[in-house]
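Participant: Hints are included, so try docking the two chains, each in its own frame, into the full complex.
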Amino acid sequence: MKRLFIAAFSAGLAVVAVAATFWPLPQHLRYRSLITVPPDGGRQEDFVIRWPEDRIARPGEDPAALPGAAAVGAAVLEDSAGQRASAELFRIRDTEDNVIGVASRVAGAGGAISDRGRSDSNWLLVIPSRGALFLAQSDVLDSTVRERVSADRTVAVPPAQSATFWTDGPRFRVTANLPTPAGSRSTGRVLRGTSEFAGLKGSFTETWNLEEVNADGSTRGRIVLSTFTAGAN
Amino acid sequence: MRLAIIVLGFVLGILAGAGLLLLNPLAFMGGLSPLPADIAPAKAYRWDAYRGIGTGVADLVGFGAPDRKVALKAPALAHVRIGIIVLPAGEGTPAALAVKVSTLSGENSLWRARLGTDDTWSILWPGEGSAFAASYSNFWTLVRDTFFATARGGGRDLLAPQYAVSAPPPVDDPTGVTGASGRYAGFTGEIRDFFYPGDPNPDWALAIKMNPPPVSTR
Numbered sequence: 001m002k003r004l005f006i007a008a009f010s011a012g013l014a015v016v017a018v019a020a021t022f023w024p025l026p027q028h029l030r031y032r033s034l035i036t037v038p039p040d041g042g043r044q045e046d047f048v049i050r051w052p053e054d055r056i057a058r059p060g061e062d063p064a065a066l067p068g069a070a071a072v073g074a075a076v077l078e079d080s081a082g083q084r085a086s087a088e089l090f091r092i093r094d095t096e097d098n099v100i101g102v103a104s105r106v107a108g109a110g111g112a113i114s115d116r117g118r119s120d121s122n123w124l125l126v127i128p129s130r131g132a133l134f135l136a137q138s139d140v141l142d143s144t145v146r147e148r149v150s151a152d153r154t155v156a157v158p159p160a161q162s163a164t165f166w167t168d169g170p171r172f173r174v175t176a177n178l179p180t181p182a183g184s185r186s187t188g189r190v191l192r193g194t195s196e197f198a199g200l201k202g203s204f205t206e207t208w209n210l211e212e213v214n215a216d217g218s219t220r221g222r223i224v225l226s227t228f229t230a231g232a233n
Numbered sequence: 001m002r003l004a005i006i007v008l009g010f011v012l013g014i015l016a017g018a019g020l021l022l023l024n025p026l027a028f029m030g031g032l033s034p035l036p037a038d039i040a041p042a043k044a045y046r047w048d049a050y051r052g053i054g055t056g057v058a059d060l061v062g063f064g065a066p067d068r069k070v071a072l073k074a075p076a077l078a079h080v081r082i083g084i085i086v087l088p089a090g091e092g093t094p095a096a097l098a099v100k101v102s103t104l105s106g107e108n109s110l111w112r113a114r115l116g117t118d119d120t121w122s123i124l125w126p127g128e129g130s131a132f133a134a135s136y137s138n139f140w141t142l143v144r145d146t147f148f149a150t151a152r153g154g155g156r157d158l159l160a161p162q163y164a165v166s167a168p169p170p171v172d173d174p175t176g177v178t179g180a181s182g183r184y185a186g187f188t189g190e191i192r193d194f195f196y197p198g199d200p201n202p203d204w205a206l207a208i209k210m211n212p213p214p215v216s217t218r
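Sequences listed follow chains A and B, in order.
1 is the number of the first residue of the first sequence in our numbering; add one for each residue after it.
1 is the number of the first residue of the second sequence in our numbering; add one for each residue after it.
Take the hints with a grain of salt, since some may be wrong.
Claimed, not checked - Calculated cross-link-like contacts (lysine to any residue; reagent style SDA-like; alpha-carbon spacing at most 20 angstroms): (1) B/Lys73 <-> A/Ala64; (2) B/Lys73 <-> B/Pro41; (3) B/Lys69 <-> A/Lys2; (4) A/Lys201 <-> A/Leu191; (5) A/Lys2 <-> B/Asp48; (6) B/Lys73 <-> A/Asp97; (7) B/Lys69 <-> A/Ala57; (8) B/Lys73 <-> A/Glu96; (9) A/Lys201 <-> B/Thr178; (10) A/Lys2 <-> B/Leu3; (11) B/Lys73 <-> A/Pro63.
To be verified - Cβ-to-Cβ under 7 angstroms is the rule here; a few derived chain A residues that face chain B: (12) Leu13; (13) Gly41; (14) Asp79; (15) Val99; (16) Val106; (17) Asn122; (18) Ala132; (19) Leu200.
If you're looking for bench data, these hints aren't it; they were derived computationally from the structure.
All C-beta atoms in this analysis are idealised placements derived from N, C-alpha and C, irrespective of residue type, glycine included.
So that you can see chain B by itself, here it is in the shape it has in the complex (with noise of 0.2 angstroms):
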């Protein structure tokens, strides 16, 4: 009886202790503002052919063994992800080509709310022109939604429908749109990310507002 409820004490203990930390207020002042949707449509993607870590727990937090079939064998790149996406056309802009690569974080900090991805990517509109851009995703808030329908007993319905993960880095890094070349050669602009749990394989959605270079006179 003493055992059952030590034992008891304990489980419940390490449950509402993960809980509390997973309720950290941080987490719900982080995110950024959302880009006009008439300017910034969010275009859906699809990042199943990819190559490196999953977006999973176990991966953000770096426990469990890594898939061999999609590893990327080097130890420098252990906790990395990198594919090519295909960005639909629609709303005046052909489809595009791009690469997405994220890399764990370095500043991720259980304390601080931050399970976050350094993003990167690579897009050209064939015929248009190309950008890069640089973002950070925090995916705290995913986590702990997980966390507590799992508690519920629940799966992946009882998740949220979509997650606007994009959020400020936590250090002062630049962040946002870079124009490359062709038309988009010049422009800056910003870059929205956000991530739709799905079974089997989750959806993706990306949003970029991308503005021209100022004009100078003489």
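So here's chain A without its partners, still in its complex pose (with noise of 0.2 angstroms):
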């Protein structure tokens, strides 16, 4: 009996060492990396986020029950002085329209971050499977999402949902540039990322691309992140 127990034990034992070394811990699916290299050199790869469909909606939020103009997932912090700021989540997809990540916008106005009318936005783009990419930028315009508050609720509207937004065509950059004695160049920064991309500098460019007015009022459109990124030296 005893020589029983102590064998039953033993293969208790070498049960659990299998499976601590066979046990299929979870690996993040990975689509293959779109990335183009330009002639002068460095990597270029676009993120394209589709909204309003592909934003990140919070447990319990029913994008059918709000206005078609709001968002959801959004959220906005502001204060007395009017200094504001609001996040903004999506999921990203490749340029071939798979979903390969999820991306967050957060964007502050005024204070200390940025001009009167203005707005800094900040994307973090995290792909499971490769790491995640820091991007900051000036905004050419307050691209903070703003609460409207009406009598039974408070919704948040980002100014791309609106189509009142889109007087001056289907097509608007949303990164400012920055006037050099060389001409222009691109406020928006990579400012580093992990795992794949640690190492990786460069600048980026936001674009926001109308698709379709709906009867009301409300829109559907890509946002475009185009990255442009070499190893750091």
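Facilitator: In structure tokens:
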């Protein structure tokens, strides 16, 4: 009996050892990276977000219950001096329309962050199988999400989701330029990255592309983040 | 009688094996030193309104079905957790709006006492400035304590009140804080995350230490 118990006990130990060795811990699904190499070197990669469908709603939030121009999942923090911050969450796609990761757009206006009528915004791109990219820029306008208060609720309204924003055509570059003696230069900076993106620095531009105006005054479109990076020396 | 002894021995062997595995000495030397509380006070935050995976053992190890109400419905996002967080004001800084994204680390290993997430933050203090941060959180100690608390027939009351989950990354991956705009442009620093097991929802706390860029003289 004693030998039988020891054999069974050893078998239990062996099962744990085998499980710890061969248990398939979760791995992230990876899509092929769609990177192009410009003639003057570096690497270019575009990331695409479709609004409103790529917005990530908070638990329990029902997009159908909101006005068409309102954003799900967005949050706004504003003080009495009008200094405002907003955060939006998205799924991001590659140029072949595969959902490859998540992104956040955190924008701030006022105080030490930006000039009057403008904002600075930060994009955090996380592609689980590859790492994260940190992007920061000055915007040509105040791109923070506003809160619209009505009798029964408060909704977050991002500029691009209202038809009234699109008076000058269906394409709008959000990233401001920095005037330099040799011409203008994008304020969009790739500050750094993690994992596969570690050691990369460079620039980026954010462009909003209108695709459709709905009857209720809301819009559909694409945000394109074009990154140009190279290894930091 | 023979069958009962076989089953008893086998179950006890599994429990003993799991206990030995969880008592991996590597887990006792994996933490990061705390930041000075007077310079980097820990700010409590809640992360209940998230989308994606939870913080349980099943989510870390990859068994069990995801919660359909909060799951991110894309295959590439099966092991991601994302949410908007408000960091409270205090200690000379205003309240901040932040986004935290956690992804299961691809370097997790049961033999190396690693069950963790790669965490990234985007934080903005209205009117002040903004910063990004990257860190690695290892929940091995929490998993170990949960196992032994369950084995003793207890619950969360047998766990430690606080777990400093920030740990050195398994591979040589850059972590830390990167200032982005406003007063924090160019700043660099460190970050520490704390987990407080609670019932039904856990609490978290974040400590950030940021330094201005070095002054260069001609």
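Participant: Now, for every hint given, state plainly whether the structure supports it.
Facilitator: Consistency of the hints with the structure:
1. B/Lys73 <-> A/Ala64: OK: B/Lys73 and A/Ala64 at ~18 angstroms, within 20 angstroms.
2. B/Lys73 <-> B/Pro41: violated (37 angstroms)
3. B/Lys69 <-> A/Lys2: violated (50 angstroms)
4. A/Lys201 <-> A/Leu191: At roughly 6 angstroms apart (the allowed maximum being 20 angstroms), A/Leu191 and A/Lys201 satisfy the hint.
5. A/Lys2 <-> B/Asp48: violated (51 angstroms)
6. B/Lys73 <-> A/Asp97: This hinted pair holds, its Cα atoms lying about 15 angstroms apart.
7. B/Lys69 <-> A/Ala57: Distance ~11 angstroms between B/Lys69 and A/Ala57 Cα, so the pair holds.
8. B/Lys73 <-> A/Glu96: Distance of about 18 angstroms is within 20 angstroms: holds.
9. A/Lys201 <-> B/Thr178: Holds - the C-alpha atoms of B/Thr178 and A/Lys201 are around 13 angstroms apart, at most 20 angstroms.
10. A/Lys2 <-> B/Leu3: holds (13 angstroms)
11. B/Lys73 <-> A/Pro63: This hinted pair holds, its Cα atoms lying about 15 angstroms apart.
12. Leu13: holds (4 angstroms)
13. Gly41: violated (23 angstroms)
14. Asp79: Where the cut-off is 7 angstroms and the nearest Cβ of chain B is about 6 angstroms from A/Asp79, the hint holds.
15. Val99: Holds. Min distance 4 angstroms.
16. Val106: Result: holds, 5 angstroms to nearest chain B Cβ.
17. Asn122: Constraint on A/Asn122 satisfied, holds at 5 angstroms.
18. Ala132: holds (5 angstroms)
19. Leu200: violated (11 angstroms)
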